[in-house]
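Protein chains: 2
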Amino acid sequence: MLLLETLEEHGRLRFTRLGGLTGGISQKMLTKTLRQMEEGGLLTRTIYPVIPPKVEYELTDLGRSLGAAFCGVWHWAEQYKGEIEAARQAFAERNGGALPEGASSLPGR
Amino acid sequence: MLLLETLEEHGRLRFTRLGGLTGGISQKMLTKTLRQMEEGGLLTRTIYPVIPPKVEYELTDLGRSLGAAFCGVWHWAEQYKGEIEAARQAFAERNGGALPEGASSLPGR
DNA sequence: CGGAATCCAGATTGATACTG
DNA sequence: CAGTATCAATCTGGATTCCG
Numbered sequence: 105m106l107l108l109e110t111l112e113e114h115g116r117l118r119f120t121r122l123g124g125l126t127g128g129i130s131q132k133m134l135t136k137t138l139r140q141m142e143e144g145g146l147l148t149r150t151i152y153p154v155i156p157p158k159v160e161y162e163l164t165d166l167g168r169s170l171g172a173a174f175c176g177v178w179h180w181a182e183q184y185k186g187e188i189e190a191a192r193q194a195f196a197e198r199n200g201g202a203l204p205e206g207a208s209s210l211p212g213r
Numbered sequence: 105m106l107l108l109e110t111l112e113e114h115g116r117l118r119f120t121r122l123g124g125l126t127g128g129i130s131q132k133m134l135t136k137t138l139r140q141m142e143e144g145g146l147l148t149r150t151i152y153p154v155i156p157p158k159v160e161y162e163l164t165d166l167g168r169s170l171g172a173a174f175c176g177v178w179h180w181a182e183q184y185k186g187e188i189e190a191a192r193q194a195f196a197e198r199n200g201g202a203l204p205e206g207a208s209s210l211p212g213r
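So the sequences go chain by chain: A and B. For any residue, its number in the working numbering is found by taking its place in the first sequence, counting from 1, and adding 104. For any residue, its number in the working numbering is found by taking its place in the second sequence, counting from 1, and adding 104.
Don't read these hints as lab results, they were simulated from the structure. Hints may contain errors.
[Unchecked claim] Result set (EDC-like, lysine to aspartate or glutamate): computed pairs, CA atoms no more than 16 Å apart in a straight line:
#1 185/B - 143/A
#2 185/B - 165/A
#3 185/A - 143/B
#4 185/A - 165/B
[To be verified] Simulated restraints on C-beta separations:
#5 131/B - 150/A: 46 to 52 Å
#6 106/B - 154/A: 45 to 51 Å
#7 172/A - 194/B: 35 to 41 Å
#8 125/B - 157/A: 47 to 53 Å
#9 156/A - 172/B: 21 to 27 Å
All C-beta atoms in this analysis are idealised placements derived from N, C-alpha and C, irrespective of residue type, glycine included.
Based on the provided sequences and hints, a complete structural model is requested.
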């Protein structure tokens, strides 16, 4: 979803730039995710046979349509982010009083 | 998403029934996922202190709103399912000719 | 019935080093 | 620059057993 977003916003991008703009993604996951998206027809991968290498990624129509489809979820998350946080607080308070130590159901980070 | 769907369709459901209707989910994942959804405020968990035990799950307004938000993605998947499959075929043919054995990029089953 | 606890194989991911 | 290769640490989810 993040890559979809970045590519929607910036259009055609090179590997390193794409990684930088997306942020917080390792080079390995970037490669893997891009390949998967290419395989699924969500984007095109264009290789320029030059030195140093240059590879550009760009969403296909299919990719853009998926981005559009995710808009609803995107907005939902934005809109109810606070509500979810509140629900979590309430939940933790409800039955989180005496946890066996380090039992935060949601991973830290 | 599957649980969201099932609960949207059938309303208030008991644990075992919910698992059965959803299909293909282990008891462990069912429990875990339901707890996470409860924690996020997507559903309510109602315990009836009877024997044998009886617990019912029902979406909250927040949960239903998420279900609605996913509609776009749901439709997208339905609509472009074939296109994706075709893209994968093309991809496999493009550079899948001489794979080092057992290199199907997508996990089989 | 609705879980919790335990075990474990396999998948995911980050970190690191190497390359044309 | 745009990867690939490899190792190690998690994390995941299924299967199974036990319990009030």
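So, going through the hints one by one against the coordinates:
{"no.": "1", "hint": "185/B - 143/A", "result": "holds, 13 Å"}
{"no.": "2", "hint": "185/B - 165/A", "result": "holds, 14 Å"}
{"no.": "3", "hint": "185/A - 143/B", "result": "holds, 13 Å"}
{"no.": "4", "hint": "185/A - 165/B", "result": "holds, 14 Å"}
{"no.": "5", "hint": "131/B - 150/A: 46 to 52 Å", "result": "holds, 48 Å"}
{"no.": "6", "hint": "106/B - 154/A: 45 to 51 Å", "result": "holds, 47 Å"}
{"no.": "7", "hint": "172/A - 194/B: 35 to 41 Å", "result": "violated, 23 Å"}
{"no.": "8", "hint": "125/B - 157/A: 47 to 53 Å", "result": "holds, 51 Å"}
{"no.": "9", "hint": "156/A - 172/B: 21 to 27 Å", "result": "violated, 48 Å"}
The structure fails hints 7 and 9 (numbered hints given earlier, in ascending order).
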